[in-house]
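From first to last, the protein sequence lines stand for chains A and B. Start counting the first sequence at 1; every next residue gets the next number (this note's numbering). Start counting the second sequence at 1; every next residue gets the next number (this note's numbering).
Hints are supplied without guarantee of correctness; some may be wrong.
With the Cβ distance kept under 7 Å, some of the chain A side facing chain B (calculated, not the full set) [to be verified]:
#: 1; residue: Lys169
#: 2; residue: Pro240
#: 3; residue: Ala326
Here are some chain A residues the structure puts well away from chain B; computed CB gaps all over 12 Å [stated by the list, open to error]:
#: 4; residue: Val223
#: 5; residue: Ala264
#: 6; residue: Gln335
#: 7; residue: Pro346
For the record, the hints were derived by calculation from the structure and aren't laboratory data. For every residue, glycine included, the Cβ atom is placed at its ideal position computed from N, Cα and C.
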Amino acid sequence: MSSATLYSVSYALAALILNVIGFIIPPIRAPITNVDVVTVLAVLIFGALLLAASMLNTILLIWWERKLLGRFMDRRGAMHVGFAGLLQNFADGFKLFRKNTFQPAEADTLGFYSGPTAYMVTSMILFGILPISSGWNSGSLPLSLLLALAIFSFAPLFIFVSAWSSNNKYSLMGGMRSAAQMIAYEVPILLAVVSVVILSGSFSLTTIVYEQQNYWFWGPLVVALIVFVAAMLAEMERIPFDLPEAEAELVEGWNTEYGGMLFAFFMLADYLRALVGSILVVLLFLGGWTLPTWVPSAATSFPLAGILWFMLKTYLVFGLFVWVRASLPRVRTDQLLRVGWNRMIPLALLSVFLAAALVTVRCVPVFGCVPSAGA
Amino acid sequence: MSEMWINMGPQHPMTHGLWNLRVKIDGEMVLDVDPEMGYLHRGIEKISEDRHYNEVITLMDRCCYVAGFAWEHLYILAAEQALHIRPPERAEYLRVMSDEFQRIGSHLMWYAAFVQDLGLMSPFLYGMRDRDLVLDLFQAYTGARLTYEYMRVGGVRNDVPPGFTDRARKVLDWLDDRYREYDALCMGSTIFRERCDDLGILKANDCVAHGVTGPMLRAAGVRRDLRKDRPYAVYKQIDFDVAQADAADVTARYLVRMEEMRQSNRILRQVLDWLDHHPGPMMADNLPRWLGAPYAPIGNEGYLLKRSYPKGTGFSAVEEPHGEACAYVVNEGALHPYRVKFRSPVFSNISAARQYLVGYHVADIPPIMGSVDVCVGEVDR
Numbered sequence: 001m002s003s004a005t006l007y008s009v010s011y012a013l014a015a016l017i018l019n020v021i022g023f024i025i026p027p028i029r030a031p032i033t034n035v036d037v038v039t040v041l042a043v044l045i046f047g048a049l050l051l052a053a054s055m056l057n058t059i060l061l062i063w064w065e066r067k068l069l070g071r072f073m074d075r076r077g078a079m080h081v082g083f084a085g086l087l088q089n090f091a092d093g094f095k096l097f098r099k100n101t102f103q104p105a106e107a108d109t110l111g112f113y114s115g116p117t118a119y120m121v122t123s124m125i126l127f128g129i130l131p132i133s134s135g136w137n138s139g140s141l142p143l144s145l146l147l148a149l150a151i152f153s154f155a156p157l158f159i160f161v162s163a164w165s166s167n168n169k170y171s172l173m174g175g176m177r178s179a180a181q182m183i184a185y186e187v188p189i190l191l192a193v194v195s196v197v198i199l200s201g202s203f204s205l206t207t208i209v210y211e212q213q214n215y216w217f218w219g220p221l222v223v224a225l226i227v228f229v230a231a232m233l234a235e236m237e238r239i240p241f242d243l244p245e246a247e248a249e250l251v252e253g254w255n256t257e258y259g260g261m262l263f264a265f266f267m268l269a270d271y272l273r274a275l276v277g278s279i280l281v282v283l284l285f286l287g288g289w290t291l292p293t294w295v296p297s298a299a300t301s302f303p304l305a306g307i308l309w310f311m312l313k314t315y316l317v318f319g320l321f322v323w324v325r326a327s328l329p330r331v332r333t334d335q336l337l338r339v340g341w342n343r344m345i346p347l348a349l350l351s352v353f354l355a356a357a358l359v360t361v362r363c364v365p366v367f368g369c370v371p372s373a374g375a
Numbered sequence: 001m002s003e004m005w006i007n008m009g010p011q012h013p014m015t016h017g018l019w020n021l022r023v024k025i026d027g028e029m030v031l032d033v034d035p036e037m038g039y040l041h042r043g044i045e046k047i048s049e050d051r052h053y054n055e056v057i058t059l060m061d062r063c064c065y066v067a068g069f070a071w072e073h074l075y076i077l078a079a080e081q082a083l084h085i086r087p088p089e090r091a092e093y094l095r096v097m098s099d100e101f102q103r104i105g106s107h108l109m110w111y112a113a114f115v116q117d118l119g120l121m122s123p124f125l126y127g128m129r130d131r132d133l134v135l136d137l138f139q140a141y142t143g144a145r146l147t148y149e150y151m152r153v154g155g156v157r158n159d160v161p162p163g164f165t166d167r168a169r170k171v172l173d174w175l176d177d178r179y180r181e182y183d184a185l186c187m188g189s190t191i192f193r194e195r196c197d198d199l200g201i202l203k204a205n206d207c208v209a210h211g212v213t214g215p216m217l218r219a220a221g222v223r224r225d226l227r228k229d230r231p232y233a234v235y236k237q238i239d240f241d242v243a244q245a246d247a248a249d250v251t252a253r254y255l256v257r258m259e260e261m262r263q264s265n266r267i268l269r270q271v272l273d274w275l276d277h278h279p280g281p282m283m284a285d286n287l288p289r290w291l292g293a294p295y296a297p298i299g300n301e302g303y304l305l306k307r308s309y310p311k312g313t314g315f316s317a318v319e320e321p322h323g324e325a326c327a328y329v330v331n332e333g334a335l336h337p338y339r340v341k342f343r344s345p346v347f348s349n350i351s352a353a354r355q356y357l358v359g360y361h362v363a364d365i366p367p368i369m370g371s372v373d374v375c376v377g378e379v380d381r
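Please model the complete structure; the sequences and the hints are all you need to start from.
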């Protein structure tokens, strides 16, 4: 399993394709089977696979949310298109694709179109840098966690750009709220991550996952997990922290003026970010693609086992977010700021101290030892 | 951001109907509001002057689309007084039963819309689901779910079908459990309390000054309910309490409406028991021929029949789910009323918007207006 990585698969595919073409058209065989050409094509295929995986998962995630929300609300969710409504989102997507894109008369064209595009693109990059299993790993960046969080926090800027250029008072207020919200959740999220970094001694997501082989970090760092999940809800702009698009007072907030495919961009990017948020929770606190050591090895030795367990955990974590959405009302901007600064930051700081203490002690009675903490 | 006016409405998720709330804001703060009504005016009072007494009932259902029975009852009481008719007792019990089921239905609709304004998704569907059971009951004895045309001058159209009371009791039992569930979802939630406590305060003297009535008035600590203070129909014979709270905020209005639904259950149990044991006629037996349901005579025939009938005026006041509604009907000796005038409680309640909206956040507008329970159909009529 560990031998076949995503990149090696892409490279093999690229080589295969080019060799087949070369076999059909012998004169260009030598130039196109050159190692540089194969590498370029392999990188392209690698990107295409990532893109396909991210889009497929996003759409599946929307289905999962619709079904879960339906059940929480005592109804069934999507039912008719495809098995159990699995293809409903594709139908909705095609419908949005066919719609005309409307631009308000006084809107700023550059901002109006670049906002959603940049929002979408940054969210896709985010999915590209996250390791999903030992094989699905786009290079072991030493600072991948920092990079992910940095790209994650781009979003309010693009939201604000598109809100401001929509030339709509509701959009503008939504954009303002998005910017204000960022102040509330960005610090707690980083502090919560710091305690994980202290415990694992690394900023690399792959290393953080392997550091959890004795125990998953959610046990000793449960406070950090709570802060991280709460701040993630704010980062993903989901209920109870979906103030920027609070439909009760702001119609649809910053994307009020967007329709058709531009709206689909926002929608897809929102769910992509929700997916990435769930993935980060799994990576940082729930052991990533690994299972506890007491699980029989048969459960982890079949092909693609890592991806399977990882996705299972991710969808369960996202199910938690859906549960929260189904049962909590929306907070107010000032209340979110108060919760962020008065509750989350002290809790996150507490967790940082806890992590430092754990590293000093190295071994905890219930959980076991950190493999290489502080080393 | 400098100060600016925004239009919340006429097409806005907050309005729950067709009206416009102009809001002057500075950032997130509300500096001034200006409610504008009139987008849904259909001239119901004027149209009534051209219609036979029983044909006006059709319009009453359209007055408030979530509380049709309350408005039917309101008009019928005034019309009967103007026409000197007394309905049989069983008809009055059936009217009270319809009224109270309508109150539950209307409050469930309010609950659904109110929690939706707060961003609560699931209780919205719970409220609508349970309201459906009430609508099913309406369908069972009137044939309609929203616009019933059930009450008549001099009685009601028909009796409830066999087995109806048992079915209604089952719905009441189910609803009793659901009220607990609603409370757990709302009062048990810290965020809900954070959002609703000390919000949209309208003290008792302000309520009186602006003519605000109904649950808003009772939430301000005033124990006033027309069913107790000016009993109509058979409310005098029925044992129930007036829901009341003291905080005068959104939470208090929530509590008052929840308690009213429980009290409605209590009233309904008594009414259903009475209906089981007291069969009787549906219509008054001394009705003049020109008023006979369901066919009213047309043209000269009716005028000739009616010429000798005594004139009169009728006034009625009913505790509608939204507040105190009043009606005035003038009978000048024609087949149709000479003049019909209504007082809509919601009109007064949202006219006082400046008193309970200014000084709060923009995000507070939907829950506050939700706690007012706006029904635009009766505001504009």
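Quick rundown of the hints versus the structure:
1. Lys169: Because about 5 Å separates A:Lys169 from the closest Cβ in chain B, which is inside the 7 Å limit, the hint holds.
2. Pro240: 6 Å, holds
3. Ala326: Hint holds; A:Ala326 Cβ to chain B Cβ min 5 Å, cut 7 Å.
4. Val223: A:Val223 is indeed farther than 12 Å from all Cβ atoms of chain B, at 18 Å.
5. Ala264: With a cut-off of 12 Å, A:Ala264 remains clear of chain B, as the shortest Cβ separation is near 21 Å.
6. Gln335: 6 Å, violated
7. Pro346: Since the minimum Cβ distance to chain B is about 18 Å, A:Pro346 lies beyond 12 Å and the statement holds.
Consistency with the previously given hints fails for number 6 only.
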